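> One-letter residues, chain by chain:
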Amino acid sequence: NAGVTQTPKFQVLKTGQSMTLQCAQDMNHNSMYWYRQDPGMGLRLIYYSASEGTTDKGEVPNGYNVSRLNKREFSLRLESAAPSQTSVYFCASSLQGNTEAFFGQGTRLTVV
Amino acid sequence: EDQVTQSPEALRLQEGESSSLNCSYTVSGLRGLFWYRQDPGKGPEFLFTLYSAGEEKEKERLKATLTKKESFLHITAPKPEDSATYLCARPNAGGTSYGKLTFGQGTILTVHP
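Residue numbers (this note's numbering), protein chains in the order written: chain L, -11 to 100; chain W, 91 to 203.
Hints are computed from structural coordinates only; laboratory data are not their basis. Please read these numbers as outputs of a predicted model, since none were measured by experiment. We put the beta carbon where it would ideally sit given N, CA and C, even for glycine. Treat the hints loosely; a few may be bogus.
[Unchecked claim] If you anchor each label on the Cβ, the simulated ranges turn out as follows:
id: 1; chain 1: W; residue 1: D129; chain 2: L; residue 2: Q5; range: 28 to 38 Å
id: 2; chain 1: L; residue 1: N58; chain 2: W; residue 2: E105; range: 46 to 56 Å
id: 3; chain 1: W; residue 1: E107; chain 2: L; residue 2: K59; range: 41 to 51 Å
id: 4; chain 1: L; residue 1: T8; chain 2: W; residue 2: P130; range: 21 to 31 Å
id: 5; chain 1: L; residue 1: T(-7); chain 2: W; residue 2: T200; range: 27 to 37 Å
Just chain L, with the same shape it has in the complex (with noise of 0.2 Å):
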């Protein structure tokens, strides 16, 4: 039973390169996230999905875009990466969205 995969788990990109974080769950779940990590600011949530077809804002959602493929997989996008998106991102998912979530081991993400 794999949970929530991500890929890849390390990632370096040069400022302005564009890359796709890769998520899926083998659940059954309706919601998914993506989190942001960073030393002293806790978790962050950057988008939501309650349902297949549906994404929401989280609290820092500049710079990223998300696409809910089908009810398996939540990619997270960023089209022109900055320094400032140097972070550990973690897709995370929940059979609804007030029930506790399960997260993946992380992408670790460094941007020169």
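We have chain L; now place chain W onto it with these hints.
Same frame as chain L, but now just chain W:
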């Protein structure tokens, strides 16, 4: 909007020395409260869900309790392997914020042998 505050920021214990971590929030109302454990380099691992004031959940040396305005994570006779960051989170209230989780900053627990 709800704010979630955890205290202390860091806690150092000797093996076997019991203690408690606190999670408080500004908007009362029982929408659930979640506890997580996070090890370095890993994603948060779900521990407990609490929904009702007075509710308690236990897992090994950990016990979580809930009131209307705060939750406690009690650690009884901790071992070095309990060292981790412990996070609490609450779902936001209704409207456009419904379902989004707000996390506390976490408590870094270190248990010395």
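> Run every hint past the structure and note whether it holds.
For each hint, the structure was consulted:
1. W:D129 - L:Q5: 28 to 38 Å: holds (30 Å)
2. L:N58 - W:E105: 46 to 56 Å: Holds, at about 47 Å.
3. W:E107 - L:K59: 41 to 51 Å: holds (46 Å)
4. L:T8 - W:P130: 21 to 31 Å: holds (26 Å)
5. L:T(-7) - W:T200: 27 to 37 Å: Once the Cβ atoms are compared, 30 Å apart, the range 27 to 37 Å for T200 (chain W) and T(-7) (chain L) holds.
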